[in-house]
Amino acid sequence: MAKKEAAPAPLTPAVLHILLALSTGERHGYGIMKQVEADSQGKVRMGPGTLYGSIGRMMEAGLVRECDKRVDPEMDDARRIYYELTSVGRAALEAELKRYRGVVAVAEGRLAYGG
Amino acid sequence: MAAKVAGRRYRAWYAMLLRRYPRPFHERFGEGMEQTFHDLCRERRDAGQGLFGLALWVFFETLAGIVRENTNQMSQMQKTVLRVALVALGLLMVPIVASRLVPGWNWPVGAFVFTYVLFFGTGMAYALIARKMGAWSYKAAVGLALAGGFVMGWATMVHMSETENPVNLVYFGVLAVGAVGAGLARLEARRMAWAMYAMAAALAVAFVITQVLATDTPAGPVWSAGAMHGGFVALFAAAGLLFRRASLAGLK
Numbered sequence: 001m002a003k004k005e006a007a008p009a010p011l012t013p014a015v016l017h018i019l020l021a022l023s024t025g026e027r028h029g030y031g032i033m034k035q036v037e038a039d040s041q042g043k044v045r046m047g048p049g050t051l052y053g054s055i056g057r058m059m060e061a062g063l064v065r066e067c068d069k070r071v072d073p074e075m076d077d078a079r080r081i082y083y084e085l086t087s088v089g090r091a092a093l094e095a096e097l098k099r100y101r102g103v104v105a106v107a108e109g110r111l112a113y114g115g
Numbered sequence: 001m002a003a004k005v006a007g008r009r010y011r012a013w014y015a016m017l018l019r020r021y022p023r024p025f026h027e028r029f030g031e032g033m034e035q036t037f038h039d040l041c042r043e044r045r046d047a048g049q050g051l052f053g054l055a056l057w058v059f060f061e062t063l064a065g066i067v068r069e070n071t072n073q074m075s076q077m078q079k080t081v082l083r084v085a086l087v088a089l090g091l092l093m094v095p096i097v098a099s100r101l102v103p104g105w106n107w108p109v110g111a112f113v114f115t116y117v118l119f120f121g122t123g124m125a126y127a128l129i130a131r132k133m134g135a136w137s138y139k140a141a142v143g144l145a146l147a148g149g150f151v152m153g154w155a156t157m158v159h160m161s162e163t164e165n166p167v168n169l170v171y172f173g174v175l176a177v178g179a180v181g182a183g184l185a186r187l188e189a190r191r192m193a194w195a196m197y198a199m200a201a202a203l204a205v206a207f208v209i210t211q212v213l214a215t216d217t218p219a220g221p222v223w224s225a226g227a228m229h230g231g232f233v234a235l236f237a238a239a240g241l242l243f244r245r246a247s248l249a250g251l252k
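The listed protein sequences correspond, in order, to chains F and R. Take the first sequence: its letter number 39 is residue 39 in this note's numbering, and every next letter is one higher. Take the second sequence: its letter number 38 is residue 38 in this note's numbering, and every next letter is one higher.
Check the hints yourself; a few may be wrong.
Interface residues of chain F toward chain R, partial, derived using beta-carbon atoms under 7 Å [to be verified]:
hint : residue
1    : Tyr30
2    : Gly47
3    : Pro48
4    : Gly49
5    : Gly53
EDC-like cross-link-like pairs, simulated, lysine to aspartate or glutamate; straight-line CA separation at most 20 Å [claimed, not checked]:
hint : chain 1 : residue 1 : chain 2 : residue 2
6    : F       : Lys34     : R       : Glu31
7    : F       : Lys34     : F       : Asp77
8    : F       : Lys34     : R       : Glu61
I should point out that these hints are in silico values taken from the structure, not numbers from a laboratory. Idealized CB from N, CA, C, for every residue including glycine.
Using the sequences and the accompanying hints, generate a full structural model.
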């Protein structure tokens, strides 16, 4: 008998936002923070503690990786560490969005029947 | 100019705060976090806003992260100790708050320390014994026995401080029966059941002894004392039955 594959666990909001922020390309910590703020229309404000704690766990899970350290052309000064999505991270993001679409479909169906 | 000085000061404090992270985390992300904080400060400054609110938020948010990362680094045993210590502290808040609100409740500091040690000791005993066995009946039995022993020991101390009647020492003998029994049983479920039955029987004997010998104190109605003792006897007997159930389930 084939072993049933376990469904991936839902991602935490912080992890989902970071994956979304990195889905369009590499970013450094501050860049991720600003992208999350923009993606959520300012509703999600992530501090360095949450951001880097989540990045640490995501790196352990193989969802993101450090790519290189370089100067941001828009920000002058110091060299920054950039992060990027891995293929596992992209797959996790797609799976999560699929899960969300399923939830939304169920919710809309229920609301359409008034109940 | 003042904002730049404040920014430098906040960044120095933030760098110090970041050293509270576990070393591997700090080595990996410390520089990036400092840089990010620096970027946030600059953004605020460029917008002509003060840094105090931002610094306060980031410091608290980072502090929460430090607690989380340090907790993740702890071994299971350290986590257990921390949990028990916090629960004991929560329980200690009851007498601390009560001493502020109830007139005449004037415990010295030593009494609070002693109470905390009792809460912590009982909690650790439960955590260490119960985690050896997976069965709910064993855990429930340990919980019942410890809670019953704790309340009985506490009530005896309070009663002795009020009456100064040495005959009440017999109740510590009951607790000793339980402790020695558990030691001889080596925490094995079937033998623990017998230790609990012995404790229940010892308590019944202690009740008879105190009723016969305690002539110097104004005793309340015998039925009231009997009901209270009966409750404890039933509790220890119930713990014994739960240990028995655990042993029948093939657990040690």
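We went through each hint and held it up to the structure:
At about 4 Å, the closest approach between the beta carbon of F:Tyr30 and any beta carbon in chain R falls short of 7 Å, and the interface hint on this residue holds. Look at F:Gly47: its Cβ gets to within about 3 Å of chain R, closer than 7 Å, so that hint holds up. With 7 Å as the threshold, the beta carbon of F:Pro48 comes within range of chain R, its nearest partner Cβ sitting at about 5 Å, so the hint holds. For F:Gly49, the interface hint holds, since its Cβ comes within 7 Å of a Cβ in chain R; the closest pair sits about 3 Å apart.
Taken as an interface hint, F:Gly53 checks out: its beta carbon lies about 5 Å from the nearest beta carbon of chain R, inside 7 Å. For the hint linking F:Lys34 to R:Glu31, the alpha-carbon distance of about 18 Å falls within 20 Å, and the restraint holds. A threshold of 20 Å between alpha carbons decides the hint, and for F:Lys34 with F:Asp77 the separation of about 18 Å falls inside it, so the pair holds. The suggested pairing of F:Lys34 with R:Glu61 holds, with an alpha-carbon distance near 17 Å, which does not exceed 20 Å.
Hint check: no violations occur; every hint is consistent with the structure.
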